[in-house]
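> The residues making up each chain are set out below.
Protein chains: 2
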Amino acid sequence: MRLMYLCSALLLLILLPRTCQGGNILVFPTEGSHWINMDILLQALHSRGHNLTIIRSSKSWYIKDNSTYYSTYTVPAERIIDEEIITRAMLSIIDFERGGLPLMSFLHFSVGMLGALTEFHTTVGEYVSAIIDDRELIRMLNDTKFDVVLTDPCWGGGPILAKYLNLPLVYNVRWLIPEEAHFGIAPSPISYIPIAQSRCTDKMSFFQRVKNMILYVVSQMQVHVAAKEVYQKICDKYLGPDEDFYQLLIDADIWLMRVDFVFDYPRPTMPNVVYMGGFQCKPPKPLPQHLEEFVQSSGEHGVIIMSLGTFVNELPADMANEIAAAFAKLPQKVIWRYKGSRPDTLGNNTLLVDWMPQNDLLGHPKVKVFVAHGGTNGVQEALYHGVPVVGLPVFFDQHDNLIRLEDRGGAKILTLSTVDKDNNFLKAIQEVLNEPSYRMNMQRLSRLHRDQPITPMDNALFWIEFVMRHKGAAHLKPASLRMSWYSYHSVDVALFLGGAVLLVFLTIFILIRCLCNTMCKPKVKRE
Amino acid sequence: MRLMYLCSALLLLILLPRTCQGGNILVFPTEGSHWINMDILLQALHSRGHNLTIIRSSKSWYIKDNSTYYSTYTVPAERIIDEEIITRAMLSIIDFERGGLPLMSFLHFSVGMLGALTEFHTTVGEYVSAIIDDRELIRMLNDTKFDVVLTDPCWGGGPILAKYLNLPLVYNVRWLIPEEAHFGIAPSPISYIPIAQSRCTDKMSFFQRVKNMILYVVSQMQVHVAAKEVYQKICDKYLGPDEDFYQLLIDADIWLMRVDFVFDYPRPTMPNVVYMGGFQCKPPKPLPQHLEEFVQSSGEHGVIIMSLGTFVNELPADMANEIAAAFAKLPQKVIWRYKGSRPDTLGNNTLLVDWMPQNDLLGHPKVKVFVAHGGTNGVQEALYHGVPVVGLPVFFDQHDNLIRLEDRGGAKILTLSTVDKDNNFLKAIQEVLNEPSYRMNMQRLSRLHRDQPITPMDNALFWIEFVMRHKGAAHLKPASLRMSWYSYHSVDVALFLGGAVLLVFLTIFILIRCLCNTMCKPKVKRE
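Chains as they are written, first to last, in the working numbering: chain C, 1 to 527; chain H, 1 to 527.
Don't read these hints as lab results, they were simulated from the structure.
Note that the list lumps identical chains together, so a pair holds whenever it fits in one copy or between two copies.
Calculated pairs, DSS-like style, for lysine-lysine (alpha carbon to alpha carbon, straight line, at most 30 Å): (1) 368 with 285; (2) 163 with 64; (3) 471 with 203; (4) 203 with 163; (5) 368 with 471; (6) 145 with 59; (7) 282 with 368; (8) 412 with 471; (9) 339 with 285; (10) 163 with 233; (11) 339 with 366; (12) 427 with 366; (13) 145 with 64.
Put together the whole structure using the sequences plus the hints.
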């Protein structure tokens, strides 16, 4: 399969210098783990000879000012969500999840987080306003003659900026302020498409479908209140009163979707959605020497790696101790990405690291299990390398992502509320280590995922450059984008035809009645 | 762009001998023009080292018994639609269309053809029964250990046979017994997806949407009566009473769809639909010497080519004379594929041929206009080569296909009822020749169509072999295939939630009433 990827890369090397001579790409990224995968895409675009300009906030906590492969415009921002706020929020979510029921946890997230989300999008809105109000910056952006805007629409600023600058738009997307992106563009029957945080699969019982429908209605209200209204005000101010924000949002030329149908459940899609799930995955590079030595020291038992992602830097002390104690009982070696204070129960077999080359480790033959929080990036990497997962989801889509692996027999999920009880953590790891089906199923998914006519990254690059070459991809946008809801759902047509049928029946009824009356009346007269 | 196709072919040459060592493919084709494009796919599969076995009827009028690249099982068939019947039917349709109004023409087709369609599918059903009843044939088919069944589901026999033999199924498809194939598998909002023969675009007025809805209901009834019931009886007989034919029909692993979104309007699609529109197109080969000499003799004026497809071998004499007379007035040379008797008015500039290398002619720089009936194959070829079209649609989807080109400014449509009046034919050809926008628009569509990360043919071959490698593509089939209509549309959930809301309101109402009664009664007593 590697040969296929190599050949595919070769093909692009032959093809692309001819089809694209290095364009200008304006990038409006989203922070946090979203930046990590945007950054990978940017490095690939840079290696294809494109000039990348990134708009970042002066308070950005991930996006460095300038770099070897991109230049930046730094916008002085009064405030923007920073890493410390996120870390504190994570700890409070973990505390809550440990005590809460799934329903309560959802209500907590939906209602309790509504205020936080509204504030979050308001902050992003202020940031976008600051960009457009900076006349000097806008002049420079206009002068640069960009070919395309590349953005992650988890933040709503990119589409507004693209419209203001009148530029084609490409999404690197999974979430759309913040509903699952497909819901914005493709028909999405709630009967078999699980809503984020529903913890359902695509095969639902009646009451799961009821729950899914309720969650759908709630999430639609959340999106409306927390985001649409906020951004609509900015549209009104800078784009005129006729510009509907949501229409703008779903009018992107190409949607590079960070999933594929080995990971996600098959569902309706649209012609301008390009699936690039696993685009960040690649064959493993050799590990740094100290890591390689540590991994090799595991002997036949192999290695377990654990990471709870970008946001979760530390865990409550008792939970961390429980996890460390479980690891200490295993014959495997453990590499644990953990920034919190060192747990007291940490065994000699466990190495705490601030950061680890996750893709290279997952591709190492000695790595047997991945303990993960279930972020999309990590799950796709586990899937690419065929490594079974013990899932410890924290918030948002993480539980859903892990359910997709569990449903296919490749993962075991623990919840924060039970992970530190009855040796659950230790038992789960031992089960995934000792039951061959977990690994076999992940290897099967890996084979399916890798068997594509073109790699996800090459596909993504092709379509970004397609939009640059053709100044958009209008021919792939459905006419439905320009339709009112009642036209789209044929409500007016149904009413008209229903009325027509009713009229016909009524006419026949009246005619028959008149006929009866006419035929009866003479009798009365005769009498 | 040709370099891209070459490289892509090179890539497949490198990749595919490793990934597929020549499998066994069972082919159940549809006759007529459908066989032409199936044949092209089969030749490509043969060149990739696969063994092809075709099931054909002893009355087949297109599929030859054995060949250098496939072997056949010939089934003695009592009757099957033959070429003569088709030719006669075509002439009667042409006669009708010349006199009819569009609405009448549709009613004629829908109602008048219903009997013919039912008879047609009954004949195919008998043919399938004859295959399954032939125990020796079935034993041979089982012994051959086929990897996949490849079929065109315009005839309903393929899916039944695949199920009977328990084999994975790939479709080479545009029509599904005989509705547009997307309607079988993907959500299809009638508000912007024009029904076959509606002659609408994806931007419809209110009354066009009403018309489209009526046509949709009629076509669904037609499919049900003319085909579903016929094939269901065969399912009941050979697969048991629990097997629903339509569920079987939409359960194919991969749908190789003979359109793309440069030709067709963007619309919802599904993960297991692969677009291979234009897969039959390729760079032109040199013409036979006599044709090349004829083409070159046209000088700066260039050449017009005309073909009304596989089915229309001749036209009514007066219409043929009118067309020939119009051609005779032009300075261009004309190549006309026509099997009828030589029109009296034929000019010296017009060459009548029984057959022409259409793809090679369309790719010739001297060819200026293509006079076509609007079959999918021809329209895709015109689009690939960027040649503007004068359309003369005869029946079924031909007018719709041409409307897709006309809507994008690449074609001018004439109807059979007006083609021979007021020099319409001559005027249309002169307009398309002299107005540069026609050619520019077709060239733009051609550029868009050719700009794909992998050629349609390579994509089709990849996915056929994918199904062979993985014994199906179950992971790409949506869960909706196994759902009842009321679950899929959440009717039960809506009723349940509606009922629950009603119950809550009713309870509140009763409680308030009780409360009022309790609070009012003492007053009454006091009085």
